[in-house]
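Mind docking chains B and C on chain A? Use the hints.
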Amino acid sequence: MTLLITGARLPDGTNTDLVVKNGVIAELGPGLSALGAIVIDAAGLQALPGLVDLHTHLREPGFEQSETVLTGSRAAAAGGFTAVHAMANTSPVADTAGVVEQVASLGEQHGYVTVRPIGAVTVGLAGERLSEIGAMAQSRAAVRVFSDDGKCVSDALLMRRALEYVKTFGGVIAQHAQEPRLTEGAQMNEGALSSELGLAGWPAVAEEAIIARDVLLAQHVGALLHVCHLSTAGSVEVIRWAKARGIRVTAEVTPHHLLLDEQLAAGYDSRFKVNPPLRRSEDVLALRAALAEGIIDIVATDHAPHPIETKECAWQEASFGMVGLESALSVVQAAVVDSGQLSWGDVARVLSRTPAAIGQLAGYDAPFTIGAPANFTLIDPSARRVFGLEQLHGKGANTPYLGRELPGRVVATVHRGVPTVLDGELRPAEEVANRVA
Amino acid sequence: MAARTVLHQADITRALTRISHEILESNQGSSDLVLLGIPTRGVLLAQRIGAILDQLEPGSVAVGELDVTMYRDDLAGQPTRTPSPTRVPAGGIDGKTVVLVDDVLYSGRTIRAALDAINDLGRPRAVRLAVLVDRGHRELPIRADFVGKNLPTAVAERINVKLIETDGEDLVAIAEREATA
Amino acid sequence: MKHLLSVRDLDRDTAVGILDLAEDMADVATRAVPKLPTLRGRTVANLFFEDSTRTRLSFEAAAKRLSADVITVSAKGSSVSKGESLKDTAQTIAAMGIDAVVLRHGASGAARVLADSHWIDAAVINAGDGTHEHPTQGLLDAYTMRKTLHGDAARGKSLDGVRVTIVGDILHSRVARSNVWLLQTLGASVHLVGPETLLPLGVDSWPVTRGTDLDAALAENPDVVMMLRVQSERMQAAFFPHEREYARQWGLDDARLARLAPHTMVMHPGPMNRGLEISSASADSARSVVLHQVANGVSIRMAVLYLVLSGSGAGA
Numbered sequence: 001m002t003l004l005i006t007g008a009r010l011p012d013g014t015n016t017d018l019v020v021k022n023g024v025i026a027e028l029g030p031g032l033s034a035l036g037a038i039v040i041d042a043a044g045l046q047a048l049p050g051l052v053d054l055h056t057h058l059r060e061p062g063f064e065q066s067e068t069v070l071t072g073s074r075a076a077a078a079g080g081f082t083a084v085h086a087m088a089n090t091s092p093v094a095d096t097a098g099v100v101e102q103v104a105s106l107g108e109q110h111g112y113v114t115v116r117p118i119g120a121v122t123v124g125l126a127g128e129r130l131s132e133i134g135a136m137a138q139s140r141a142a143v144r145v146f147s148d149d150g151k152c153v154s155d156a157l158l159m160r161r162a163l164e165y166v167k168t169f170g171g172v173i174a175q176h177a178q179e180p181r182l183t184e185g186a187q188m189n190e191g192a193l194s195s196e197l198g199l200a201g202w203p204a205v206a207e208e209a210i211i212a213r214d215v216l217l218a219q220h221v222g223a224l225l226h227v228c229h230l231s232t233a234g235s236v237e238v239i240r241w242a243k244a245r246g247i248r249v250t251a252e253v254t255p256h257h258l259l260l261d262e263q264l265a266a267g268y269d270s271r272f273k274v275n276p277p278l279r280r281s282e283d284v285l286a287l288r289a290a291l292a293e294g295i296i297d298i299v300a301t302d303h304a305p306h307p308i309e310t311k312e313c314a315w316q317e318a319s320f321g322m323v324g325l326e327s328a329l330s331v332v333q334a335a336v337v338d339s340g341q342l343s344w345g346d347v348a349r350v351l352s353r354t355p356a357a358i359g360q361l362a363g364y365d366a367p368f369t370i371g372a373p374a375n376f377t378l379i380d381p382s383a384r385r386v387f388g389l390e391q392l393h394g395k396g397a398n399t400p401y402l403g404r405e406l407p408g409r410v411v412a413t414v415h416r417g418v419p420t421v422l423d424g425e426l427r428p429a430e431e432v433a434n435r436v437a
Numbered sequence: 001m002a003a004r005t006v007l008h009q010a011d012i013t014r015a016l017t018r019i020s021h022e023i024l025e026s027n028q029g030s031s032d033l034v035l036l037g038i039p040t041r042g043v044l045l046a047q048r049i050g051a052i053l054d055q056l057e058p059g060s061v062a063v064g065e066l067d068v069t070m071y072r073d074d075l076a077g078q079p080t081r082t083p084s085p086t087r088v089p090a091g092g093i094d095g096k097t098v099v100l101v102d103d104v105l106y107s108g109r110t111i112r113a114a115l116d117a118i119n120d121l122g123r124p125r126a127v128r129l130a131v132l133v134d135r136g137h138r139e140l141p142i143r144a145d146f147v148g149k150n151l152p153t154a155v156a157e158r159i160n161v162k163l164i165e166t167d168g169e170d171l172v173a174i175a176e177r178e179a180t181a
Numbered sequence: 001m002k003h004l005l006s007v008r009d010l011d012r013d014t015a016v017g018i019l020d021l022a023e024d025m026a027d028v029a030t031r032a033v034p035k036l037p038t039l040r041g042r043t044v045a046n047l048f049f050e051d052s053t054r055t056r057l058s059f060e061a062a063a064k065r066l067s068a069d070v071i072t073v074s075a076k077g078s079s080v081s082k083g084e085s086l087k088d089t090a091q092t093i094a095a096m097g098i099d100a101v102v103l104r105h106g107a108s109g110a111a112r113v114l115a116d117s118h119w120i121d122a123a124v125i126n127a128g129d130g131t132h133e134h135p136t137q138g139l140l141d142a143y144t145m146r147k148t149l150h151g152d153a154a155r156g157k158s159l160d161g162v163r164v165t166i167v168g169d170i171l172h173s174r175v176a177r178s179n180v181w182l183l184q185t186l187g188a189s190v191h192l193v194g195p196e197t198l199l200p201l202g203v204d205s206w207p208v209t210r211g212t213d214l215d216a217a218l219a220e221n222p223d224v225v226m227m228l229r230v231q232s233e234r235m236q237a238a239f240f241p242h243e244r245e246y247a248r249q250w251g252l253d254d255a256r257l258a259r260l261a262p263h264t265m266v267m268h269p270g271p272m273n274r275g276l277e278i279s280s281a282s283a284d285s286a287r288s289v290v291l292h293q294v295a296n297g298v299s300i301r302m303a304v305l306y307l308v309l310s311g312s313g314a315g316a
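Residue numbers (our numbering), protein chains in the order written: chain A, 1 to 437; chain B, 1 to 181; chain C, 1 to 316.
It should be emphasised that the hints constitute simulated quantities derived from the structure, not laboratory data.
Predicted, not measured: the structure shown is a model, and the values here were computed from it.
Among the clues, some could well be false.
In silico DSS-like links for lysine-lysine, alpha-carbon gap of 27 Å or less [as the list claims (entries may be wrong)]:
#, chain 1, residue 1, chain 2, residue 2
1, C, 87, A, 311
2, A, 311, C, 2
3, C, 2, C, 35
4, B, 162, B, 149
5, A, 21, A, 151
6, C, 2, C, 157
7, C, 35, C, 64
8, C, 35, B, 96
9, A, 243, A, 167
Looking at chain A on its own, in the form it has when it is part of the complex:
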């Protein structure tokens, strides 16, 4: 299959045509033509390298009523992603080679995105014994990121061992930083508002203390550390301090923590209930600045689909999390691009190149060069749309953006040379599966 994309603006601001053949970028430059190609007129559109999500919950195996690898992959493609990292909190937990290989191969079959499983750090996410990190690393899924996400590896000795052991296989631990005792029953950011609402508080220190401990551990054992979903200004300061000391730590932030703050909990609408919780507006501003400055390395969605009944209830009975794949790019644009804090080149870095580097995913280091795998997305940054159910392609509808106007629209996504989205519409599953086959 051949694709001809005309008049796209690259992240560096230059305009070009592209020809895609055999899954790679075959030609670049003005005035290209290609016989028999599918032509995409990209005049006025921004080309971005295929987005890479380091933090996705695909729920399969075990929670297929919430999401499957297929539905999550479609949601990802619709949002401009070409690769996702699937978190380990499935059932069974992704703590064996068997589970991670199954997830990876399902992703491969469906073809919408590259699915990279994340392995559990501890058996059953129980925080007691290391899982078979080596077997997962050496499996066909070639796992490189290990995380107990949803739970914190809170035992200091176990965390130290994990950081050391994973070095053996060239991997990285992605820590969900949440001191469990300080957050028992916690519902929202602890402060004046949580006290007024009568919702158990989730103190910032519960996150910051774990991050501080972990960067010191990482320094002590000379390991890599990745910190999931930073949510507080204090966490930013800890990461800044660690990086200044040369500690090898990377940090992520979710789109929603860049846009939304704790005030949204005031109506007890559980769509705003996430882990970590939405924080003060000062925290939101600090996270944006840290992303612009490079203290925070990447944006990752923490896409967390839930069945509707787990959100149609009182706040403290509701599940944590919101879906994010379909809205991520628009939310990032609204939070930090339209304000001028990040350029599209920066977006390419924080949503593609750096997450791919942390996940050791090949083919994303030099996008838009001849011979590079054709993973990219074309977006219309000037579009404005009221975010609605028709934009959601996963099984989850638990997003607070429904009914909200957001900027930007994904017009096309190409994964390994195969269009997964064209004219703003997802391509059918059979078409995508057959072409990658």
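Leaving out everything else, chains B and C in the frame of chain A:
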């Protein structure tokens, strides 16, 4: 919309005086007589009648207030009404002759509610009704015993009763009902 | 008034109006027939996901005095205890045709969630939601203070200048929250006293003063001392060391009772832990208005039921 005054201050005073005499006559004196005014203007009228009776037969008549809001049959269809206090004179109403006093008698539903309210307060020997104006259009088999003025009206008209205590002047006027949206 | 979810939705005039209406309702109790036909044909559902016999009985009595029909669904022995969701339970009783739901729920905000949902269109009265609010308790406390201070001349009055000291587990208390906001609206000043562990983070942004020394607070001769119930499970969670220390520091014991100014009234939302936050002598003293609080609760709840169920916005 122009309003037509049908009772002036002197007319109202005369009517209340006549009603007072009629009450005494029918009750054969002022013993065991309790006047209960229905808020808002019925209370003021009851107080005026009470004052006249007190001049005629000093120290014998008791005056109170009877709020009927909680007994109305139209609570759901109307904006929320704020009830007024009910104040029953110290001697109660058991065995007494209660005279209900209101400004305008119209459908009779207010009086129906008042009769229910009285029923919950005790067992009077008799209940009478005094009104300043009877404008007709009854929806219930209720009639007044003492009437200041019978005033035939159209349903589209409205009766405005003004009293010095609340409105700064005494008068009764007929106006066209304002068109409601 | 469509719902009563939080006392923060009440402005001063509305709050005073509810207290005045409760005065009228209290009068009803003294009459030959202590019952009004006002809500005849209306159905009130008491939906209690948490056990609370006193609040449930109070609402039942209030509804019945207004001639409403009452359906009660309470935690024990019903589908509620079998984990049925708020949505399903509410929709089930709504299908039976109800005009108002009195909701007690363990989750903060549950009443708001029910009122904002499209699951039912009945009026919602918050009868206690988690550690958030208990609006009718706040109202009955304000009513009790006003009545105790002004007697028969209470009608129309606010609580301007009244000084209230609330003692104990502020952090977990929905009663304290409803009192703080309502008393502020009514012009009273509120002083909170308790161990630092039980004063909520951010309480400094509340319209109150705060302290940790009960004796110092009582030396200020407040008009009202309100003792909050202390739950023993707080001890396990390390909020304070043990009951004896709590009682010594923050209990209204006999010695403290003896030092109260003559005009100071003692309140407690109940149920009381005698000997812990309040001594028996304090609870039973002449200055204790605890039983008045219970009686006044029925009047307040009658007033609230009347307000949400009358008016053109209601029922339909």
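Hint check:
1. Restraint check for residue 87 of chain C and residue 311 of chain A: the C-alpha separation of about 11 Å stays at or below 27 Å, so the hint holds.
2. Of the supplied pair hints, the one linking residue 311 of chain A and residue 2 of chain C holds, its CA atoms being roughly 25 Å apart against a limit of 27 Å.
3. For the proposed pair residue 2 of chain C and residue 35 of chain C, the alpha carbon gap of about 24 Å is at most 27 Å, so the pair holds.
4. Straight-line distance between C-alpha atoms of residue 162 of chain B and residue 149 of chain B comes to about 15 Å, which keeps the hinted pair within the 27 Å bound.
5. Between residue 21 of chain A and residue 151 of chain A, the direct Cα distance comes to roughly 43 Å. Violation of the 27 Å bound is thereby established for this hinted pair.
6. For the hint linking residue 2 of chain C to residue 157 of chain C, the alpha-carbon distance of about 24 Å falls within 27 Å, and the restraint holds.
7. With a CA separation close to 8 Å, the supplied pair residue 35 of chain C and residue 64 of chain C stays within the 27 Å bound.
8. Using a Cα cut-off of 27 Å, the hinted pair residue 35 of chain C and residue 96 of chain B holds, with the two alpha carbons roughly 22 Å apart.
9. Of the supplied pair hints, the one linking residue 243 of chain A and residue 167 of chain A holds, its CA atoms being roughly 19 Å apart against a limit of 27 Å.
Hint 5 alone, counting from the list given before, is not met by this structure.
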